[in-house]
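Peer 1: Quick mapping for you: the protein sequence lines, in order, are chains A and B. Taken in order, the first sequence gives residues 1 to 236; the numbers are from the working numbering. Taken in order, the second sequence gives residues 1 to 527; the numbers are from the working numbering.
Be aware that one or more of the hints could be misleading.
When the alpha-carbon atoms are kept at most 27 Å apart in a straight line, the in silico DSS-like pairs for lysine-lysine are as follows [claimed, not checked]:
{"#": "1", "chain 1": "B", "residue 1": "K192", "chain 2": "A", "residue 2": "K236"}
{"#": "2", "chain 1": "A", "residue 1": "K225", "chain 2": "B", "residue 2": "K303"}
{"#": "3", "chain 1": "B", "residue 1": "K24", "chain 2": "A", "residue 2": "K236"}
{"#": "4", "chain 1": "A", "residue 1": "K100", "chain 2": "B", "residue 2": "K172"}
{"#": "5", "chain 1": "A", "residue 1": "K225", "chain 2": "B", "residue 2": "K161"}
{"#": "6", "chain 1": "B", "residue 1": "K398", "chain 2": "A", "residue 2": "K138"}
{"#": "7", "chain 1": "A", "residue 1": "K197", "chain 2": "B", "residue 2": "K172"}
{"#": "8", "chain 1": "A", "residue 1": "K225", "chain 2": "B", "residue 2": "K199"}
{"#": "9", "chain 1": "B", "residue 1": "K225", "chain 2": "A", "residue 2": "K100"}
{"#": "10", "chain 1": "B", "residue 1": "K36", "chain 2": "A", "residue 2": "K225"}
{"#": "11", "chain 1": "B", "residue 1": "K193", "chain 2": "A", "residue 2": "K219"}
{"#": "12", "chain 1": "B", "residue 1": "K199", "chain 2": "A", "residue 2": "K197"}
{"#": "13", "chain 1": "B", "residue 1": "K398", "chain 2": "A", "residue 2": "K197"}
{"#": "14", "chain 1": "B", "residue 1": "K193", "chain 2": "A", "residue 2": "K197"}
If you only want the chain A side, here are some residues facing chain B, beta carbon under 8 Å, derived [said to hold, decoys possible]:
{"#": "15", "residue": "Y43"}
{"#": "16", "residue": "A61"}
{"#": "17", "residue": "M165"}
{"#": "18", "residue": "S187"}
{"#": "19", "residue": "R188"}
{"#": "20", "residue": "V199"}
{"#": "21", "residue": "W217"}
Residues from chain A that keep clear of chain B, each with C-beta distances beyond 10 Å, as calculated [unchecked claim]:
{"#": "22", "residue": "V20"}
{"#": "23", "residue": "G26"}
{"#": "24", "residue": "D71"}
{"#": "25", "residue": "K73"}
{"#": "26", "residue": "G87"}
{"#": "27", "residue": "S89"}
{"#": "28", "residue": "D114"}
{"#": "29", "residue": "N127"}
{"#": "30", "residue": "T132"}
{"#": "31", "residue": "W146"}
{"#": "32", "residue": "F150"}
{"#": "33", "residue": "G151"}
{"#": "34", "residue": "P171"}
{"#": "35", "residue": "D210"}
Because the hints were derived from the structure by calculation, they are not lab data. On a predicted model such as this, the values are computed, not experimentally measured, just so you know. For each residue, glycine too, the CB sits at the ideal point set by N, CA and C.
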Amino acid sequence: MATDDTNVIDQPEVMKPRMVTIEIAGKKVDVPEGITVIKAMWYAGMDVVRGVGCLGGFCGACATYYRTKDDPKVRTCLACQMAVQDGMSFTMMPPFPARKATYDIQTLQDPKQDLFNLYPEAPLCRNCNACTEACPQKIDVREGVWKAVFGDFKSVSEMFMDCVMCGMCTPVCIADIAPNLVALYVSRAQGAHFADKPVGLDTRIQEIQDGRFNDDWSKVLKMNKKELADYCATVK
Amino acid sequence: MDIHALQHIVHQTRDARRQQTIPKFSPADRDQLIHKYHPDFRASAYRPIRFGPNEGDRTVVELATLLEGDSPIQDHAELTPHHTTDVLVIGGGGAGCAAALHAHGAGSNVILATKLRLGDSNSVMAQGGMQISVAPEDSPVTHFIDTLKGGHMENDHDLLKVMVEEGPAIAKWLIELGVLFDRQADGNLHVKKGGGSSKPRLLTCSDYTGLEIMRVLKDEVINQKIHVLEFAAAIELLSDGNGACTGAIFKDLDNQRHIVVSAKSVILATGGIGRLHIQGFPTSNHYGATGDGLCLSYRMGAKLAHIDTFQYHPSGAVYPEQLIGALVTEGIRSEGGHLVNAKGERFVNELDTRDVVSSSIIRECEEGRGIRTMSGRVGVWLDTPLLDAEHGPGTVEKHFPAMVMQFDRFGIDISKDPVLIYPTLHYQNGGVKIDTNSETNVKNLFVAGEASGGLHGRNRLMGNSLLDLMVFGKRSGLTAAGRAGTMKQGKLTLQHLDRFRAEAKKHGNVSGVISPMILPAYTRKVG
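Chain A on its own, in the form it takes in the complex:
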C-alpha cells in the first residue's frame, strides 16, 4: 500500500535523536526519545493498519496499554497522543467484543426505563472504579454509569462529551458493562427526548419553506459578477 519511501518521521530531531529503549508487545526496540507511541511503531518497521485512525486524539482507534520503567501500574493511552520514554513498554488493545444494543432512538417511549431493557447489566456496577482509571480522557466513568442508572441523563451527556469511544473502559469491567456504549445511548436519548426544542430553528425552517428569502435570493442571483462582488464588499 506504500507507493514510495517518503518518510515523514525523519524530522530534524529524529535524524539526530537521543535514543531510548522501549518494548512493543514484548519486543525490545530502540527509538528516538519523545516521538509518539504510534510513530515508534512505524519507526520500528511495523505496518499498522488496525490501530490508527484520525491521528489527532479524537477517533479512539489507537487505544493502548503501557507501563513506564519499574512501575507495576499498567496505564492506558491513545497511541497518537502519548510520547515514548526510556524503559516504556506498550501494546495496542485489540478490538474488544463488547455487546452494543440496537435501538430506534426516535421511537423510544420511555428512554430512562428502556435503558434497563437495552443494557440490563448497567445497574450491576460493583463500584470497583477500574473503568474510571482506564479512561484516557479522564472521564469519571463509574460515576457516569451510576448517574445513568439513576436517570440523570443530562449529567451523563455532559460528562461523556469527551468520550472518544476507545472502549478501554469495557475489558476492565467485572460486571460486563460497556460504559461507553451505555453513555452513548444515554447521551442520544438526552438529545433526542429531553433537551429543549429549539423554537428558532423551526421558525427558520418554516421561513425558508414559505419563501421569506425569495426576494433577497432573486436580487442576489440576478447580479452579474461585478455587481455581486460589489455587493459582497458591502456585507461586513
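Let chain A serve as the given structure and place chain B on it in line with the hints.
Peer 2: Below, chain B without anything else, positioned relative to chain A:
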C-alpha cells in the same frame, strides 16, 4: 533558547494588545498578500496534468502523479460480485454515514465500505462547528454571501444555494437523532461567530462538534443494521461499458483479497488529501486522507474542479513535536485569541479568512519575525491565556476541553502558556465536480463531502465543511435511492480502465506509480 523564555513577550504585551483593533485587509492588499505567501501560489510545486478529463489543468505535483497513476487491477480481473446492492457508499466519515442513512431510510439496500473503521475520518476531528443560519438576524442569503466572499467568488452558486437553504433542516435531523448542540438559556441553538462570517452562525458541541455528530451517526448506521465493510479499501470502480458506474473493487486490508461489489449507484465519500503532505506540509488530516476517490473517479472519466487550491489551516501546532500539524481550533481566535509575532506584535485581523491568516503567518516567519523551536521549526504565538484575561478565569478550560486535554498530556497548560502555531495542510478546496444532486458527469457516480468540488470555490469558510457533508451526503443518498427502484443493475466491466490505459500510453506515462495510495508510507524501511 528555551521555548518558555521566548513566550515572555506574549505576556508582557498582552494588556497593550487588548486595546488594539487590527483592521481587515483591503481587497487589493489581501490579493497581494495571498499571491506572495500562500502555498497555492508557489509555482514550482505545480505542474499540468498530462491526460484525462482535466488534461492541461495545473495541480500540485503530488496529486498529478497519483491522478495519472495506473490501477492495481489487471485487465482480466475476476469481476463476479461478492455483494450486490442498490447503493454502494465508499467512505465511513460524515458524508458517507449521511448518504448511507438517507439511502437506507428511503428504502434502498445499502453497503457502506470504508478502508479503516466506520467513522475514522476528518469529520470526527472537526472542532470549530457547523455553519447554519438559524439566528433571527441571520439568513441563508447572508450565509451564501459570506461563503462566496471566502471562496473568492468562484463557488458554484447552485451548489451553494442548496447547501445554505438545507442547513436548518439538517440541524433538525441531527437533533432528532440526539446530537447535543450547545444551547442558549432559552433553549435555542447557541451560535458563535466564525472567521470570515458576518454573523454568528456556528453551531457547536463545545469543541467536539465533529466527534459528537460522528458518535451519533456511527451509532445510527449500526442501529439501522446497514451492511458495513470495514478495512475494505476501494481500488477501482466498475463501469457498464456505456459510461455509467456500476460498482467497485475493494482490497480487504486484513487478508489482501479482492471484494467485488455490484451496485446500481456508487457514492464516493472518500475525503481529502492531507496525507499526501503536499509541499512538505504537516497535516491535520486523518491516516487515510490520501485522495483515493479523486484517483478512482478520474480514471472513470469524472471531471475535477478547483484542484489547484488547498486550505492550509492557520493554526497547526508547532510545539511540542508530538503534536506537529495537529489543529488548534479556530474557535480560540473566534473568542478573541491574538496571533503574536516574536516582537510581541499582532499582524493580522485574526478573524480574516483562513487563506489570509495563513499567508500572514507565513509572511511573518519568512521575514524573520517567527519563533524558532529547538527542533528548527518556525511559528508564531497564539495567545490562549488572553481568553481567560478577557472573559474570566476558566474560560479556556470550559470552552476548549479537547484542546486543553491535548496539550496537558505534554505538560502544557494552554490557559497559562501561549501556543506556537504554523499553517498545516487541512482541506482540499476542490474535488470531483458535482451537480446539485451530488452526481458527477459519470452517470450513477456520486461524490459527496471533501472529495467533491465546486461548492467552496478557492477557499472553504470555517464551519461549512460539516454542513457540506450532511447536505450532499443526504442528496446523493436520496437521489441514488430514488433511482434504484426503477433501474436495472448494469454490467460490470473495466472498459473505462482500457480507455484510461490507452490514453496513458499515448502520453508516454511510465511513472510506474500505482494509485490510489490507500495509506501513507510511514513505516520505516531501513535502519
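Peer 1: Determine for every hint whether it applies to the structure shown.
Peer 2: Going down the list of hints, with the structure as the test:
Between K192 (chain B) and K236 (chain A) the CA atoms are separated by roughly 16 Å; this keeps the pair inside 27 Å, and the hint holds. The straight-line distance between the Cα atoms of K225 (chain A) and K303 (chain B) is roughly 24 Å, inside the 27 Å bound, and the hint therefore holds. A distance of roughly 10 Å separates the Cα atoms of K24 (chain B) and K236 (chain A); the hinted pair therefore holds under the 27 Å criterion. Taking the CA atoms of K100 (chain A) and K172 (chain B), the gap is near 26 Å; set against the 27 Å cutoff, the hint holds.
Between K225 (chain A) and K161 (chain B) the alpha-carbon distance is near 16 Å, which keeps this suggested pair within the 27 Å criterion. Taken as a hint, the K398 (chain B) and K138 (chain A) pair is honoured in the structure, with Cα atoms around 15 Å apart against an allowance of 27 Å. For the given pair, K197 (chain A) sits about 10 Å from K172 (chain B) by alpha-carbon distance, which is consistent with the 27 Å threshold. Annotation: proposed proximity of K225 (chain A) to K199 (chain B) holds, straight-line Cα distance about 23 Å (limit 27 Å).
With a C-alpha separation of about 12 Å, the suggested pairing of K225 (chain B) with K100 (chain A) holds against the 27 Å cut-off. Restraint check: the Cα-Cα separation between K36 (chain B) and K225 (chain A) comes to about 25 Å, which is no more than 27 Å; the hinted pair holds. At roughly 26 Å between alpha-carbon atoms, K193 (chain B) and K219 (chain A) fall within 27 Å of each other, so this suggested pair holds. Using a Cα cut-off of 27 Å, the hinted pair K199 (chain B) and K197 (chain A) holds, with the two alpha carbons roughly 23 Å apart.
At most 27 Å may separate the alpha-carbon atoms for a hinted pair to count; K398 (chain B) and K197 (chain A) meet this at roughly 24 Å. About 22 Å separates the Cα atoms of K193 (chain B) and K197 (chain A), which keeps this hinted pair within 27 Å; it holds. Satisfaction of the interface hint for Y43 (chain A) is found here, the shortest Cβ-Cβ separation to chain B being roughly 5 Å, below the 8 Å cut-off. Interface hint at A61 (chain A): satisfied, since its Cβ lies 6 Å from the closest Cβ of chain B, which is below the 8 Å cut-off.
Given hint, M165 (chain A) at the interface with chain B, holds; its Cβ is 6 Å from that chain's nearest Cβ, closer than 8 Å. Given hint, S187 (chain A) at the interface with chain B, holds; its Cβ is 6 Å from that chain's nearest Cβ, closer than 8 Å. Checking R188 (chain A) against chain B by beta carbon gives a least distance of about 3 Å; that is within 8 Å, so the hint holds. The interface hint given for V199 (chain A) holds, since its Cβ lies 6 Å from the closest Cβ of chain B, which is under the 8 Å cut-off.
The restraint placing W217 (chain A) at the interface with chain B holds, with a minimum CB-CB distance near 6 Å, inside the 8 Å limit. Distance check on V20 (chain A): its Cβ is at least 14 Å (rounded) from any Cβ of chain B, clearing the 10 Å threshold; non-interface status holds. Against chain B, the non-interface label of G26 (chain A) holds: every CB pair exceeds 10 Å, the least being about 19 Å. Remark: the non-interface label on D71 (chain A) is consistent with the geometry, its nearest Cβ contact in chain B lying 17 Å away (cut-off 10 Å).
Residue placement check: K73 (chain A) keeps its beta carbon more than 10 Å from all beta carbons of chain B (closest about 17 Å). In this structure G87 (chain A) is separated from chain B by more than 10 Å, as the shortest Cβ-Cβ distance comes to about 18 Å. Here S89 (chain A) stays apart from chain B, with its beta-carbon at least about 19 Å from theirs, past the 10 Å limit. D114 (chain A), annotated as away from the interface, keeps every beta carbon of chain B farther than 10 Å; the closest lies near 13 Å.
Every beta carbon of chain B lies more than 10 Å from that of N127 (chain A), the smallest distance being close to 26 Å; the non-interface claim holds. With a minimum CB-CB distance of about 16 Å to chain B, T132 (chain A) clears the 10 Å threshold, and the non-interface call stands. Residue-level check passed: W146 (chain A) sits 20 Å from the nearest beta carbon of chain B, beyond 10 Å. With a minimum CB-CB distance of about 20 Å to chain B, F150 (chain A) clears the 10 Å threshold, and the non-interface call stands.
With a least beta-carbon separation of about 17 Å from chain B, G151 (chain A) lies farther than 10 Å from that chain, consistent with its non-interface assignment. Every C-beta of chain B lies more than 10 Å from that of P171 (chain A), the closest at about 18 Å, which supports listing it as non-interface. With 10 Å as the threshold on Cβ separation, the claim that D210 (chain A) sits away from chain B holds: the shortest Cβ distance comes to roughly 13 Å.
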